[in-house]
Amino acid sequence: MDLTYTGEEEEFRARLREWLGGVLPTLPAKPSPGDWPGRRAYDTGWQRRLYDAGYGDVHWDASPTTRLIFLEETERAGAPYVGANFVGLLHAGPTIAAEGTAAQRERWLTPVLRGDEVWCQGFSEPGAGSDLASLRTKAVRDGDTYVVSGSKIWTSHAEVADWCELLVRTEPVSAEVPKHRGITWLAMPMDAPGITVRPLRTLAGSTEFAEMFLDEVRVPVDNRVGAENDGWRVTMVTLSFERGTAFVGEVVACRRVLGELAAHAKKSGRWDDAVLRRELALLTAEFGALWRLTQWNVSEAQASGGVPGVGGSVFKLRYSHARQRLYDVAAGVLGGAGALDAGQEWTLDRLSSLSYTIAAGTSQIQRNIVAERILGLPKGGR
Amino acid sequence: MHFQLTEEQRALRDGTRALLAGRFGRDALRAAVDGAGLDRELWRELGAAGLFGLCLPEESGGVGLGLAEAVLVFEECGRALVPGPLVATFLAAGEVEGAATGETVVTTPYNGLVPWLDAADVALGDTAGAEPLSAPVDPLTPLHRLPGGERTRPPWRATLLYAAEQLGSAGRTLDMAVQHAREREQFGQPVGAFQAVKHLCAEMLVRVEVARAAVYAAAVTGDPVEVAAAELLADQAAVQGARDCLQVHGGMGFTWEGDVHLHLKRAWTRAELGGRARDAEEALAASL
Ligand SMILES: Cc1cc2nc3c(=O)[nH]c(=O)nc-3n(C[C@H](O)[C@H](O)[C@H](O)COP(=O)(O)OP(=O)(O)OC[C@H]3O[C@@H](n4cnc5c(N)ncnc54)[C@H](O)[C@@H]3O)c2cc1C
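Residue numbers (the UniProt record's numbering), protein chains in the order written: chain V, 1 to 382; chain Y, 1 to 288.
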């Protein structure tokens, strides 16, 4: 067990830190949460700067340890997070890198890294949430295109996306075709005719996600990642990235927030409240351990090579609940009116934290995964 | 950074597990519950295997390994529920003649409690006026209480080693729960097929893995704030793990015959001896 970094890794850290120190003060002002075009421009602009400075590939090409250092340093410095291109950088990109053809990698990866193209994720449907494999949006082959019809829901950032990682049914469920077969993973251009995006309002008041109606949308067969009807396997790769690595940077951010909460509490006198102090202490233990668990998982993945395993579900379960507790405690630090003021950043974060135990697979589903795939308990049962 | 066990560490852990399975398996554990007193022979065997002298330099007759290795060994002791003042004896190795070899049993008061005072050859620290608890909750840990609510906080190494034992116990109760859930059938299927049971087990695993990361990291860094975090998370994993394991075992879990209660009672005892939650929390809060 070793927690020290190599000289090379430390050099990377020092170089990055110096670069961040120079570039962060030159960033434009953050757009307001509801300004989607502004948010897209801000987030992709940051991505472009990273790319130009040679940090574009940290999300999937660099060594996992380098990536951890990157996340640690950028979060510590308060740099922008991946934001609008969350899907492109943290799951579509890695999936294409792992499963795509050379031509597909050539076509899609650099634009994501440069911040030129933004992706969204069209997996969920009104009738297929936790039971994702029961999806019904269908794609019918017509020569060298798929003709896609159906609808998707909860599509984050659909309004500003150029591409969608889309799951479609290419073979109907039957006695011979169980629902997990017959699914295909497509890259759908969001400007194709037949796509209607209707924003949905979240409980935080924002239009974070949308409904998507697909009416005979034509998608070239060349946009298929993996084989036809083999999309479920590709999806598992995507989900392993989503759960395994996508939240890691946020742990560092939560540790920073803890420090801010303590400073705020000390100023306001709330620090004298032993119960509140104790809550903050427990969260310090929690996020410290989650960061160590991340290092453990990354070391393990680095040793075995490649795609993160189901251990991501362990992390996701604990992290999503810890994050919700963090912002509940933040409400205690703000106190009374402060906690009820949706103009406060911490209140907005508290509201958005409510999605963490639902999005990317609910806690109940993660527990099933841990119990069945890690602990080997029998499937089924009620 | 390679935060994984090395080959040698894996071998040490597996070797310790095998040694304890052979020397202190289920029958020996139950015999210890029924019998009385410390098994001095086992103590000497642990000494001969290098357990107490693990971190002593080789020139002093030790094994010359580090705290990370000690944590792995104590985790195994926690799994097996080895009784006795392991932590105090380990920390006395090199200071007290015979501690390293397991010839001398050493105890010391932590948090106003002295475990195994009557069985120990040497008691470090002031134990004057210590009164025995007539019925300590853990049948495998006799306790004395110091007069006047006096308490000495354990040194951080002791806290860490107790946390390692808690981790081992949490891992063991998880295994016991999963095994029982696979075998016990109700309504025509293994109870582990029911989500209510699955989810209990899944949460047990999550607590074990988070505590493991915390305990191992604290062993590597020796940072007092990380030790405090490890203590809190390992106590939680052990205590809640034993409770959930008991729940999964149903009525059988509530019997003296089952081993689950032994884990729960020891976890409670270690949580008192290893350090008080309140102290750990204040240490963590002070770091903010
Ligand atoms: C903020 C946010 C962003 C999202 N972004 C995207 C996106 O970009 N793209 C996308 O495709 N999807 C997205 N989702 C959708 C998300 O993946 C689904 O909401 C999630 O998988 C749950 O599906 P559902 O909402 O249909 O709930 P349901 O599946 O209907 O679940 C309802 C309740 O039943 C429980 N439940 C269901 N099945 C089981 C079971 N087998 N055992 C135990 N309990 C069960 C669930 O845990 C939950 O509590 C997003 C969701 C949120 C909240």
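Any given hint could turn out to be false.
[What the hints assert, rightly or not] To spell it out: a stretch of chain V is covered by chain Y in this simulated footprint if at least three of its residues, at any positions, have a beta carbon under 8 Å from a beta carbon of chain Y; those stretches are:
#1 118 to 126
#2 134 to 145
[To be verified] Negatives, chain V to chain Y, calculated, CB over 10 Å:
#3 R15
#4 S156
#5 D222
#6 R277
#7 E286
#8 R292
#9 A331
#10 A339
#11 G343
#12 Q364
By construction, these hints were calculated from the structure, which means they are not laboratory data. A virtual CB, placed ideally from N, CA and C, is assigned to each residue, including glycine.
Okay, the hints, checked on the actual structure:
1. 118 to 126: As far as the segment 118 to 126 of chain V goes, the hint is violated, because 0 residues have Cβ atoms under 8 Å from chain Y.
2. 134 to 145: violated (count 0)
3. R15: holds (18 Å)
4. S156: holds (26 Å)
5. D222: holds (40 Å)
6. R277: Label violated. Min Cβ-Cβ 5 Å, cutoff 10 Å.
7. E286: violated (8 Å)
8. R292: Given that some Cβ of chain Y is not farther than 10 Å from that of R292 of chain V, nearest at about 4 Å, it is violated.
9. A331: For A331 of chain V, whose nearest Cβ neighbour in chain Y is about 17 Å away, the distance exceeds 10 Å, so it holds.
10. A339: Given a closest Cβ separation of 20 Å, the condition holds.
11. G343: For G343 of chain V, whose nearest Cβ neighbour in chain Y is about 25 Å away, the distance exceeds 10 Å, so it holds.
12. Q364: Non-interface label fails for Q364 of chain V: nearest chain Y Cβ at 7 Å, not farther than 10 Å.
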